[in-house]
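Go ahead and model the full structure; you've got the sequences and the hints to work with.
Protein chains in written order, with the working numbering: chain B, 1 to 102; chain D, 1 to 166.
Hints were generated in silico from the structure; no laboratory data involved.
No experiment lies behind these values; they were computed from the predicted model shown.
One thing to keep in mind: the hints can contain errors.
Now the stretches of chain B that chain D is said to cover, found in silico as 3 or more residues with beta-carbon under 8 Å [unchecked claim]:
id	stretch
1	15-24
2	35-41
3	60-70
4	78-87
Positions of the beta carbon are idealized from the N, C-alpha and C atoms, including for glycine.
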Amino acid sequence: MVIGLESYLTIGAVLFALGLYTVLTRRNAISVLMGVELILNSANLNYVAFSHYTSANADGQIYAIFVIMLAAAEAAVGLAIVLAIFRIFHTIDVEAAETLKE
Amino acid sequence: MELSTIIFFVVAAVTILSAAMVAFSSNIIYSAFSLLGTFAGVAGLYVFLGADFVAGVQVLIYVGGILIIILFAVMLTHRITDVEITNRTVGRIPGFALIAVLIFLLVQTLRETAWLRAKEVSFAPTTATIGDLLLESYLLPFELASVVLLVALIGAATISRKETKD
Numbered sequence: 001m002v003i004g005l006e007s008y009l010t011i012g013a014v015l016f017a018l019g020l021y022t023v024l025t026r027r028n029a030i031s032v033l034m035g036v037e038l039i040l041n042s043a044n045l046n047y048v049a050f051s052h053y054t055s056a057n058a059d060g061q062i063y064a065i066f067v068i069m070l071a072a073a074e075a076a077v078g079l080a081i082v083l084a085i086f087r088i089f090h091t092i093d094v095e096a097a098e099t100l101k102e
Numbered sequence: 001m002e003l004s005t006i007i008f009f010v011v012a013a014v015t016i017l018s019a020a021m022v023a024f025s026s027n028i029i030y031s032a033f034s035l036l037g038t039f040a041g042v043a044g045l046y047v048f049l050g051a052d053f054v055a056g057v058q059v060l061i062y063v064g065g066i067l068i069i070i071l072f073a074v075m076l077t078h079r080i081t082d083v084e085i086t087n088r089t090v091g092r093i094p095g096f097a098l099i100a101v102l103i104f105l106l107v108q109t110l111r112e113t114a115w116l117r118a119k120e121v122s123f124a125p126t127t128a129t130i131g132d133l134l135l136e137s138y139l140l141p142f143e144l145a146s147v148v149l150l151v152a153l154i155g156a157a158t159i160s161r162k163e164t165k166d
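As structure tokens, this is what we get:
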């Protein structure tokens, strides 16, 4: 079996589906953020795979770097919000926070 | 089978199995530590794709940064092990059916699509190319990224600090 573009896209598709499953089935806010990280990783993998196999330049890798940068910002702000929710509601069940106030 | 093919399949298996552990484990500590395998596995796949700089960035930012703050958040919200895993709106079985259909459709589509192919695949070092691109074609997004990171830093500190008034 030859390792080609399809192998990486398949891994990306599986990672995306597992991330979507995590986001959909968890009620724990930190687990939801972990699912988002999985989805972002699958997108990055696709960017880099396409950059490697379909073009001679490194544009796809630049996009992957920007996505990693935004993922870091998203994780910092998201986890700060989770900590604020925990301080107010004493739980991080996402259903408890649907009223957005005590 | 060549040695590199075997290593590729090992790295891919580590990536997907630890991602499955993140999705299906009932203990959030195990989920958080399994993310380490996923992030490191994706970094290994970047190495296979000839993206040396992105692999380094992946290890530095994901494994060294994001994973650590996720673990800190897990430790700081200590009662999270009491939270039920299941969700009332979308349960485990519909979710599992959904991702099975999704994986089938995605894999089917990407196998049947005739992707554009480059003439040749290169494994040259990419760091110098990325540096040139960041300071030429992508200068504006690069500068905006620093502003976004500053705003995120201040925002995270503001949101997570204790309320001091009244």
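Is the listed coverage of the stretch 35-41 of chain B by chain D valid when you require three or more residues with a beta carbon under 8 Å from a beta carbon of that chain? holds (count 4)
Okay, the stretch 78-87 of chain B and chain D, do three or more residues pass the C-beta test at under 8 Å? Since 8 is at least three, the answer is holds.
Under a C-beta cut-off of less than 8 Å, do 3 or more residues of the stretch 60-70 of chain B approach chain D closely enough to confirm the stated coverage? holds (count 8)
Chain D covers the stretch 15-24 of chain B, three or more CB atoms within 8 Å, holds or violated: As far as the stretch 15-24 of chain B goes, the hint holds, because 9 residues have Cβ atoms under 8 Å from chain D.
Checked against the numbered hints given earlier, this structure breaks none of them.
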